[in-house]
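Construct the entire structure; sequences and hints are all you get.
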Amino acid sequence: MVTAIIDYGSGNLRSAAKAFERAARETGGEEEIVVTGNAATVRASARVVLPGVGAFADCRRGLAAVPGMEEALEEAVMRRGRPFLGICVGMQLMAECGREFETVDGLGWIKGEVAAIAPADPALKIPHMGWNDLTILRPHPVFDGIAAGAHAYFVHGYGLVCGERRDLLATVDYGGEIAAAVGRDNLVGTQFHPEKSQATGLRLIANFLRWRP
Amino acid sequence: MLKMRVIPCLDVKDGRTVKGVNFVDLVDAGDPVEQARFYDREGADELCFLDITASSDNRDTLYDVVARTAEQCFMPLTVGGGVRGVDDIRRLLLAGADKTSINTAAVARPDFVREAAEKFGSQCIVVAIDAKASGAGKWQVFTHGGRRASGIDAVDWARRMAQHGAGEILLTSMDRDGTKAGFDIALTRAVADAVTIPVIASGGAGTLEHLVAGIRDGHATAVLAASIFHFGTFSIGEAKAHLAAAGIPVRR
Chain A
1 MVTAIIDYGS GNLRSAAKAF ERAARETGGE EEIVVTGNAA TVRASARVVL
51 PGVGAFADCR RGLAAVPGME EALEEAVMRR GRPFLGICVG MQLMAECGRE
101 FETVDGLGWI KGEVAAIAPA DPALKIPHMG WNDLTILRPH PVFDGIAAGA
151 HAYFVHGYGL VCGERRDLLA TVDYGGEIAA AVGRDNLVGT QFHPEKSQAT
201 GLRLIANFLR WRP
Chain B
1001 MLKMRVIPCL DVKDGRTVKG VNFVDLVDAG DPVEQARFYD REGADELCFL
1051 DITASSDNRD TLYDVVARTA EQCFMPLTVG GGVRGVDDIR RLLLAGADKT
1101 SINTAAVARP DFVREAAEKF GSQCIVVAID AKASGAGKWQ VFTHGGRRAS
1151 GIDAVDWARR MAQHGAGEIL LTSMDRDGTK AGFDIALTRA VADAVTIPVI
1201 ASGGAGTLEH LVAGIRDGHA TAVLAASIFH FGTFSIGEAK AHLAAAGIPV
1251 RR
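Taken in order, these protein sequences are the chains called A and B. Residue numbers for the first sequence follow our numbering, so the first one is 1 and each next one is one higher. Residue numbers for the second sequence follow our numbering, so the first one is 1001 and each next one is one higher.
A portion of the hints provided could be inaccurate.
Stretch-level coverage of chain A by chain B, calculated; a stretch enters the list once three of its residues show a Cβ under 8 Å from a Cβ in chain B [as the list claims (entries may be wrong)]:
id: 1; segment: 44-55
id: 2; segment: 129-135
id: 3; segment: 151-163
id: 4; segment: 197-208
Pulled a few chain A residues facing chain B out of the computed Cβ check, cut under 8 Å [to be verified]:
id: 5; residue: Val2
id: 6; residue: Arg14
id: 7; residue: Lys18
id: 8; residue: Phe101
id: 9; residue: Lys111
id: 10; residue: Asp173
Hints in this document: simulated from the structure, not taken from any laboratory. By construction, the Cβ of each residue, glycine as well, lies at the ideal position given by its N, Cα and C atoms.
The structure is reproduced here in structure tokens:
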């Protein structure tokens, strides 16, 4: 079973790949982790991971620039229902649109848009960078074994504002509520970086690799 | 609630840690990878490698250290020292670093920071500022490992680097570095209050109370220290317990 981590020129994929490989070993399954920019590989994979760092519009353009990749994503995730995990900007891309520097369409898989986070306390720094404790709103297989209040590592200046409250799986408080995880059906996305979140993150990744929505 | 970060820093030269590290339970105390694993287990919030390798010929040893660390430690890793161009950043990120810190090269050409932030995202561009007091309430930026005065005001520089897209400032007081006399609180506060991005206080931590002061009085959102952790004077856990007792939110 291949889990494809999509390489579209955004950020640090080695550390993500290493975390998925470690989690795969721990699940004891036959999961093969592949970092790929090849649409055919993504189309044929059992699971899809979309990472992403930097600005929404840059990531969107980067994804669009990979021949056939958006079509392959639609095919694997939306039509075939393969489990999908978006991380950071990869999660934000699930939204209908992003408003970072310019307004750009997202994949439109989760209702809502991506906007600058605006903490009520002006002394709070932007980006929201560091470890924050999760409030898990709904039980979800990817949170199995992760207790309320577990910490995850965040680094972002923009956040996904869900159009449908039921798509919100977890939040954190940073001068107000910020979406920490979203999901519906076979889709899940985390604003935090599971690959950088030590035991909590590895657990979430292992859960994702076992997840059969 | 966001937690304040405790970040141990390792000086790496030719692939080995320098500035003695004194953990009793490490097989090879000079191996930065083994030290990284130690701090990972102890619950450090991030880890920082500062490469002080003099010769660029030996740069490959650093990439190897970063790659081996990334295979075993699943927390944010910042690597600095000798980052001169986007190719250096790319190689570090490909090796497994999450952030790179830029110091001398930013002063030499400030647009480098903008280009790097545009290419890789602000989240992975840390601007390291080595500052030294130059008068009452004034600090000057130094480069080349603290050997060369730049004539630039540290607070102005921090503001400018934030505008150029730096995601974070790693602020080291050269007056305090190695003294264990505590962070330069006035400097830390002047810089932290001048920018909206996070500031890491560095240089001078000798007691756990110094860590508290860096955050409470210096307004830093992270504290970086080397020797108090390396020599086993305090553990990461003790540091966090002390911060928590002082009312500072930490991850435990």
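Structure-based check of each hint:
Counting residues of the segment 44-55 of chain A whose C-beta lies closer than 8 Å to any C-beta of chain B gives 3; at least three are required, and the coverage claim holds. Chain B is given as covering the segment 129-135 of chain A, and this holds because 5 residues of the stretch bring a CB closer than 8 Å to a CB of that chain, at least three being needed. For the segment 151-163 of chain A, the stated coverage by chain B is satisfied: 6 residues place a CB nearer than 8 Å to a CB of that chain, which reaches the threshold of 3. With 4 residues having a Cβ less than 8 Å from any Cβ of chain B, the segment 197-208 of chain A passes the three-residue criterion, so the hint holds.
Contact between Val2(A) and chain B, as hinted, is not supported at the beta carbon level, the nearest pair being about 21 Å apart and thus beyond 8 Å. Taking 8 Å as the C-beta cut-off, the interface hint given for Arg14(A) holds, the closest approach to chain B being about 5 Å. Evaluation of the Lys18(A) hint against chain B yields a held restraint, the C-beta minimum of about 5 Å falling below 8 Å. Hint on Phe101(A) is violated. Least Cβ distance to chain B is approximately 11 Å, over the 8 Å limit.
Given hint, Lys111(A) at the interface with chain B, is violated; its Cβ is 26 Å from that chain's nearest Cβ, farther than 8 Å. For Asp173(A), the interface hint holds, since its Cβ comes within 8 Å of a Cβ in chain B; the closest pair sits about 6 Å apart.
Consistency with the previously given hints fails for numbers 5, 8 and 9, ordered from lowest to highest.
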